[in-house]
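Listed here are the chains, written in short residue letters.
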Amino acid sequence: MTDSIHLGALPENVDMTCPLMSRRTFLKGIAAGAGALAVTAAAGGGAIASTGPVDPNAMAMLVDLTRCTGCNSCALACKSTNERAEPTTIPTKIDANAYSFVDVREVSDVHGAPLKVFVKRQCMNCVDPACVSACTVGALTKEPGGPVVYESSKCIGCRYCQYACPYGVPAYDWDNPLGLIHKCEMCADRQAEGDEPACAEACPNGAIRFGKRSMLLAEAKATIASNTGRYVNHVYGEHEAGGASVLYIGPVPFAALGFPVLGDETITHHGESVMRKTPIVALTMASLAAAMQFMTGRRAKHAHGEFVAAVEQSADVSNRTASGDHS
Amino acid sequence: MTAQGITRRHYQPEPVGATKLNEVEAAPFRLEPGMVVVGILGFLTVMGVAAGLARLLIGLGGTTALSDSTSWGIWIGFDFALIAFSGAAFTMAAVVHIFHLHQFQPVLRPALLAGFLGYTAVLVLLLLDLGRPDRFYNFLLYWNLHSPLFEICCCVLLYTTVLVLEVAPDFLEKFGWTKVRRFVLWLMAPVTVLGVTLSTLHQSTLGTLYLNMPHRVSALWWTPMLPILFFTSAVMAGLAMAIVAYRTAVRIHQSPEETKVIQGLMVGIGGVTLVYLAVRVGALINNGELFNLDWSAMRTWLATIEIVLGALVPATICLVPAWRRRPTLQWVAPLLILAGVLMNRFNATLASQTAPVAGSAYIPSMMEWMSTIGILAMAALAWYICVRWLVRFDGSHEAH
Numbered sequence: 001m002t003d004s005i006h007l008g009a010l011p012e013n014v015d016m017t018c019p020l021m022s023r024r025t026f027l028k029g030i031a032a033g034a035g036a037l038a039v040t041a042a043a044g045g046g047a048i049a050s051t052g053p054v055d056p057n058a059m060a061m062l063v064d065l066t067r068c069t070g071c072n073s074c075a076l077a078c079k080s081t082n083e084r085a086e087p088t089t090i091p092t093k094i095d096a097n098a099y100s101f102v103d104v105r106e107v108s109d110v111h112g113a114p115l116k117v118f119v120k121r122q123c124m125n126c127v128d129p130a131c132v133s134a135c136t137v138g139a140l141t142k143e144p145g146g147p148v149v150y151e152s153s154k155c156i157g158c159r160y161c162q163y164a165c166p167y168g169v170p171a172y173d174w175d176n177p178l179g180l181i182h183k184c185e186m187c188a189d190r191q192a193e194g195d196e197p198a199c200a201e202a203c204p205n206g207a208i209r210f211g212k213r214s215m216l217l218a219e220a221k222a223t224i225a226s227n228t229g230r231y232v233n234h235v236y237g238e239h240e241a242g243g244a245s246v247l248y249i250g251p252v253p254f255a256a257l258g259f260p261v262l263g264d265e266t267i268t269h270h271g272e273s274v275m276r277k278t279p280i281v282a283l284t285m286a287s288l289a290a291a292m293q294f295m296t297g298r299r300a301k302h303a304h305g306e307f308v309a310a311v312e313q314s315a316d317v318s319n320r321t322a323s324g325d326h327s
Numbered sequence: 001m002t003a004q005g006i007t008r009r010h011y012q013p014e015p016v017g018a019t020k021l022n023e024v025e026a027a028p029f030r031l032e033p034g035m036v037v038v039g040i041l042g043f044l045t046v047m048g049v050a051a052g053l054a055r056l057l058i059g060l061g062g063t064t065a066l067s068d069s070t071s072w073g074i075w076i077g078f079d080f081a082l083i084a085f086s087g088a089a090f091t092m093a094a095v096v097h098i099f100h101l102h103q104f105q106p107v108l109r110p111a112l113l114a115g116f117l118g119y120t121a122v123l124v125l126l127l128l129d130l131g132r133p134d135r136f137y138n139f140l141l142y143w144n145l146h147s148p149l150f151e152i153c154c155c156v157l158l159y160t161t162v163l164v165l166e167v168a169p170d171f172l173e174k175f176g177w178t179k180v181r182r183f184v185l186w187l188m189a190p191v192t193v194l195g196v197t198l199s200t201l202h203q204s205t206l207g208t209l210y211l212n213m214p215h216r217v218s219a220l221w222w223t224p225m226l227p228i229l230f231f232t233s234a235v236m237a238g239l240a241m242a243i244v245a246y247r248t249a250v251r252i253h254q255s256p257e258e259t260k261v262i263q264g265l266m267v268g269i270g271g272v273t274l275v276y277l278a279v280r281v282g283a284l285i286n287n288g289e290l291f292n293l294d295w296s297a298m299r300t301w302l303a304t305i306e307i308v309l310g311a312l313v314p315a316t317i318c319l320v321p322a323w324r325r326r327p328t329l330q331w332v333a334p335l336l337i338l339a340g341v342l343m344n345r346f347n348a349t350l351a352s353q354t355a356p357v358a359g360s361a362y363i364p365s366m367m368e369w370m371s372t373i374g375i376l377a378m379a380a381l382a383w384y385i386c387v388r389w390l391v392r393f394d395g396s397h398e399a400h
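Quick mapping for you: the protein sequence lines, in order, are chains A and B. In terms of our numbering, the first sequence has 288 at position 288, counting the first letter as 1, and numbering is strictly consecutive. In terms of our numbering, the second sequence has 88 at position 88, counting the first letter as 1, and numbering is strictly consecutive.
So here's chain A without its partners, still in its complex pose (with noise of 0.2 Å):
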């Protein structure tokens, strides 16, 4: 089912649980055959929400902030392994040149005394990414894996994906005159050699962990359940927003260290219910116009006669207008 996830950017990718995804059956659609109009009403009838349940063997890291230090070294590996330029600067923000930063916050601890936390920030490769299906040219894809990944050369640089993101994650190079997105992609290629993504491999305190999503999560609870006090009981990532390959614990809740408070549904639902009715208000304006245009055609051509010999008699506008009234 996690076929769901992708889009029909590339025929391989088709989800064939949604007929109305494949680019045949919208040309079909377009082609305005009856035939087609089955179709769509069939697909519109019975709309799949695009999430499916989450892949079993999907990859995920998990961040214990109560374990980081604030060392840096998983950022500078970041760096390092995308080939940022300046590796050995320590990044304060996400941007084109870092794909992850350590984001230092001071808050206050259930008891209210003063607290540092340091929170690694990166793409969350989303379960159900919105920057996915806002993408115009299909540049951003889901893989089945985890990773949400960028194909460059597909990229017109319209910037969709940075509204659609919930994270504010995607980076555009602007001082690039030819400037594309920039974003962390869970390390696809070293997962794909059987590396760890390089932040994970590189932190020295077993802060970031990198494994299967449903063992880490099962870890997650067990970690909060066995530590009383240590932690809020919340997983950050395992529902937000349909869910993310990054799962996050902490010592305070989440709101409070900057992490968007999202609900458990996606963000893609809203416009893709309304993107899956495309054939369907295309074939019926169509219908409506065409045949709005013959009947009030006939029901004109009398009048219009009429007009336009009044027009030919007149030399004046006014009178023009009045003629003009009766069709």
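Each hint should be verified, as a subset may be incorrect.
[What the hints assert, rightly or not] Partner residues aside, some chain A positions facing chain B, computed with beta carbon under 8 Å: (1) Ala-134; (2) Thr-136; (3) Cys-155; (4) Ile-156; (5) Arg-159; (6) Leu-178; (7) Asn-233; (8) Pro-253; (9) Ala-255; (10) Ala-256; (11) Pro-260; (12) Ile-267; (13) Thr-278; (14) Val-281; (15) Thr-296.
To be clear, the hints were calculated from the coordinates, so they are not data collected in a lab. Positions of the beta carbon are idealized from the N, C-alpha and C atoms, including for glycine.
Here the structure of chain A is known, so what remains is to put chain B in place on it, guided by the hints.
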């Protein structure tokens, strides 16, 4: 914008092929308002082209105030407003060629020209905004059927082609290409239906575009009804633009106005705006916003001005018979509608948005303003020349 230097044309049948240009050339030279208009618009156009070239060479970072937190600026704001204004073409094409209300024929040409040139300006603005303008055609190669922006790109491209066909007869008539013109006219019925369908799709999908940003857009604007709001407001703005284009064209030609035609369009605007207001206010109630307005927030004021001055007031003018007969209010109502829709698109793109990661405030750069104004001036200049050259108000366009 009256052209006093031009001889006033009377409504006698003019031989086909006799151009207005001949008449203009025959008149003795003197500085007429038309030349001033052309001069100013021409200057702004040159300035805009220069700014646009600078952006293409230097890149977005060096020429705009855009950033990762506000990466769509006034180009997109004007672009989306201009798409709605250019709805003049599909609304008037529907009125005349689908509903066959032939008394509105005089409005059709100025409206089609405004729509065609409007979409041309939209494409140029979009090209400036794209990070990779050299790859603009990629949306034809790589499809994402989930993406509202993909659908908009496809529809705008196809619809601009439709508009070329819709304005072609006017040009072909001038060139005397009778056979080609007759062929295009033969295509006109299905082409109009196609144009209305494509317009319905992309005008509403511009609203769908914002459905993917529930986390960013304030509840004063965000509602699942956005596609319907964007479509209805495009019809409002389209009809309003048609009135403004018609009244301007009539003045350029110093022809008398057909007040009944204007009033008819105003009734249409009034009706559609009532539907828009019902959905807009309904969404505010549904969102729980209407009875919890925070008057200390700038957004509340912006939304209020947009709804009251941009929709409620002009709708009232349009629907009260005594008011819509007054020539001044016949300017006020459509111009308020246009201002309201412009404001709505700007609010949706800029004022209503809160980026997940805060960045510096967006204050548009000089380059952004210059290129935007220049491109709009270019469209206005082209429209002015086309209207002087192509449009007649003597009834001879009935064959169209």
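Is the interface hint for A/Thr-278 satisfied, with its Cβ closer than 8 Å to some Cβ of chain B?
-> 6 Å, holds
Please verify that hint: A/Val-281, Cβ, nearest Cβ of chain B, below 8 Å or not.
-> A/Val-281 check passes; min Cβ-Cβ to chain B is 6 Å, inside 8 Å.
Given hint A/Thr-296 near chain B, where the shortest CB pair must fall under 8 Å | 4 Å, holds
With a cut-off of 8 Å, does the beta carbon of A/Ile-156 approach a beta carbon of chain B closely enough for the hint to hold?
-> With a minimum Cβ separation of about 5 Å from chain B (threshold 8 Å), the hint on A/Ile-156 holds.
Interface hint for A/Ala-255, Cβ within 8 Å of any Cβ on chain B = Violated - the Cβ of A/Ala-255 stays beyond 8 Å from chain B, reaching only about 13 Å at its closest.
Minimum beta-carbon distance criterion (8 Å), A/Ala-256 to chain B | 16 Å, violated
For the hint on A/Ala-134, just tell me whether its beta-carbon gets within less than 8 Å of chain B.
-> Nearest chain B Cβ about 5 Å off; hint holds.
Could you check if A/Asn-233 really has its C-beta closer than 8 Å to a C-beta on chain B?
-> 24 Å, violated
With a cut-off of 8 Å on the beta carbons, see whether A/Arg-159 makes it to chain B.
-> 4 Å, holds
At a threshold of 8 Å, is the proposed contact between A/Ile-267 and chain B supported by beta-carbon distances?
-> 6 Å, holds
Quick one, is the A/Pro-253 hint okay against chain B at 8 Å, beta carbons?
-> 17 Å, violated
Given hint A/Cys-155 near chain B, where the shortest CB pair must fall under 8 Å | 6 Å, holds
Of the numbered hints stated above, those contradicted by the structure are hints 7, 8, 9 and 10, listed in ascending order.
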